[in-house]
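K.L.:
Listed in order, the protein sequences are those of chains Y and U.
Quick note on the numbering used here: the first sequence kicks off at 1 and runs consecutively.
Quick note on the numbering used here: the second sequence kicks off at 1 and runs consecutively.
Check the hints yourself; a few may be wrong.
Because identical chains share one entry, a pair is satisfied inside a single copy or across any pair of copies.
Unchecked claim - Within a straight-line C-alpha distance of at most 20 angstroms, the following computed EDC-like cross-link-like pairs (lysine to aspartate or glutamate) qualify:
#1 K157 - D47
#2 K115 - E312
#3 K201 - D74
#4 K364 - E189
#5 K201 - E79
These aren't lab readings, by the way, just hints derived from the structure by calculation.
Owing to the predicted nature of the structure, the values given are computational and were not obtained by experimental measurement.
2 protein chains.
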Amino acid sequence: MNAEIIAVGSEMLTPERVDTNSLYLTGELNNLGVEVTGKCVVGDHRDRLAGAVREACERSEIVILSGGLGPTEDDVTREAVAQAMGRQLVFSPEIAAALERRFAQARRRMAEVNKRQAFVIEGADVLSNDRGTAPGQWLEESGSAVMLLPGPPHELKSMFERECLPRLRRLAPPQAIRTVVLRVAGMGESDLDQLISPVYKKYQNPVTTILAANGEIQVHLRARCATEAAADVLLAEVAAPIERLLGDRVYSRNGDPLEVVVGNLLRECRATISVAESCTGGMLGGRLTSVPGSSDYFVGGFITYADAMKVELLGVPPEVLKEHGAVSQETAEAMAMGARRRTGSTYALSVTGVAGPGGGSELKPVGSVYMAVADEAGAHTEQRQLLGDRERIRVFTVQMALDLLRRRITGSCG
Amino acid sequence: MNAEIIAVGSEMLTPERVDTNSLYLTGELNNLGVEVTGKCVVGDHRDRLAGAVREACERSEIVILSGGLGPTEDDVTREAVAQAMGRQLVFSPEIAAALERRFAQARRRMAEVNKRQAFVIEGADVLSNDRGTAPGQWLEESGSAVMLLPGPPHELKSMFERECLPRLRRLAPPQAIRTVVLRVAGMGESDLDQLISPVYKKYQNPVTTILAANGEIQVHLRARCATEAAADVLLAEVAAPIERLLGDRVYSRNGDPLEVVVGNLLRECRATISVAESCTGGMLGGRLTSVPGSSDYFVGGFITYADAMKVELLGVPPEVLKEHGAVSQETAEAMAMGARRRTGSTYALSVTGVAGPGGGSELKPVGSVYMAVADEAGAHTEQRQLLGDRERIRVFTVQMALDLLRRRITGSCG
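Modelling step: build the complete structure from the supplied sequences, incorporating the hints.
P.N.:
Structural data, given as structure tokens:
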């Protein structure tokens, strides 16, 4: 089966924006054994969009549209698809009532224009949106299934998973695709590839893809077989030697991100964590608390951006700052010890560095970062020299600090 | 004039790759006054690509293809365009000789298959490639100009600049495009549209687009005229009444995000800021410090996730927590006052709320958020009821807290 994806929105025809929803959708479709044979972006233009939908339906069994379901005049997807299929739009009092309830919940008055979102193409199933106001739609016509999904990625993903995947599974011929995702810390992409390519290059199935982003690397192994059991056997055959080569650098085999892995470790040993952040300015705490239920182990922390704050809030001795500087092993250690002392947490994690673009020196250039983890046995520090812009340096620092904590808890560092 | 861009290559239909050439091309075309009305990705499939080219030529005056000009069987762009136009491919001994020379220069033998790159569509101009082996092609047919460009971005850019821009300038009538972007806080998309659509709907030019993301709204106005001066006059005519309607909710007219606007305000009045975060766990500090040079005004802050931390680190009275709860106006105020007292900053900004998915109650459901700003005059609190998942609630909270601070500094709140 073939699929086409149509992203709707004039803003995606500007020099600044790319459609990323299609990447997520492509991954999910591939998992079902469905090939994506084309994708396109169409502006907020009803006739052009109707034309694109008509052409896609002639070529492909599955057509997915994202965006253009909002309440404004710009949002033409409903009208365009109805036009392409020669069907009417029907007002749904149920959807209108659900919209009214949603606004009432937020204690806001619903604008009249929002009623546009209550129009459904004749014969379409309504797809519920648990993250926003725009309902989606699913319709089938002469061998093609057409889906109308909202543009915001978190709305689209939730709707696709809950509403579209079960329907697609009924349409797509059964085929087992199984995936293993190894998430790896503390290694560069090319080093990793050099290490594991002798293993994966021997196989066409599973397909191995190496992805690098935000200071971590993911190794994706994807096997396609007639049965799940056969796919699992094939996956294990390739994954086992790769995992042996990577050892402790693999922190997750089930897709969990590092903040979830670390949180689970803390919860298991009934430990708590606090943070002391300089160059990351709160991002480390922000990431640890992005996990629902993180209040089980995260108590709080200190953002000590100015040096005076390191002294006053964390008790870093002024002479340490004077002698070694704010970006130093000694300061990182004193920050972690101070945070642990003042919060009473089991572990404390600190970060200090030069995120740039200013503030670098010959001895401590932009990208110089110290991280420390403190526990009852004392403090352990690591230093890294990172490349890139301010944003990249800060994101990588958070990732490496979390990995330092992980290795401390599992006993493989310090 | 309208343009469409077609990216060719099956690898761009995988979950990992996006076409970025189209962003560069869109920017260049917009500068010429040419609008991109659609773009698509087609795999290495001759008939499908020929169909896409035919359709694009029917709709648009300019059609640009990137990729598929390599020497292998997978590279079908030349054949597909010839097929779409009903023209022949002609072998060019000159191109073949140039290819041979290029290989000789690199002291490599040219493989026989490279001769595929020496075929030119009947009547096409050859576009020289100074960064690779694949020559491009330019052809015109019944009102459409069609360009075949190589896929690697550095080859494409160089060829487009040297070979295509001069030709396009001859085709495109001279015209200027000017843009205004208004960034707006504290308003929903549909409310804003209802407010300003009576203004912008009167105009086809400038084109108005409303974009919503992460708790803010952007209003894009784009005018096309014969001269820049005329475009500016037109823009001002539409932007002025829109700005009057939106008033103080417009926080930026030059594209600056809220953390930059707030930072500039603080710097201008030589003020400093500290934060006290509960449900956002550090994200507010993280965003304030994402701006280079934020150490001019950001001193630090407290992440007080556990209630005990609110008492110990910020001096929130235990009876306030007991009587009103951690998510309350009183706690938000005490947090901001405590952060200001303990850091000595001019302003302190606090946030406490229920980010969910757990922790909600009937009185304080998930999404209930209190924000407070403290300064020498005291503390001012605002309450919001947000919708969505944990991530959305936290991102929106940060945005609204920054906007509260902005309005406090400019004197329009509390």
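K.L.:
Tell me, please, which holds for K201 and E79 at an alpha-carbon limit of 20 angstroms: within, between, both or neither?
P.N.:
between (45 angstroms within a copy, 19 angstroms between copies)
K.L.:
Under a CA distance limit of 20 angstroms, which applies to K157 and D47: within one copy, between copies, both, or neither?
P.N.:
neither (27 angstroms within a copy, 32 angstroms between copies)
K.L.:
Is the C-alpha distance from K115 to E312 at most 20 angstroms within one copy, between copies, in both cases, or in neither?
P.N.:
neither (55 angstroms within a copy, 50 angstroms between copies)
K.L.:
Give the relationship of K364 and E189 under a CA distance limit of 20 angstroms: within one copy only, between copies only, both, or neither.
P.N.:
The answer is neither: 25 angstroms in one copy and 46 angstroms across copies each exceed 20 angstroms.
K.L.:
What label fits K201 with D74 when the C-alpha limit is 20 angstroms: within, between, both, or neither?
P.N.:
Between copies, since 11 angstroms is at most 20 angstroms while 48 angstroms is not.
Of the hints listed earlier, those the structure fails to meet are numbers 1, 2, 4, in rising order.
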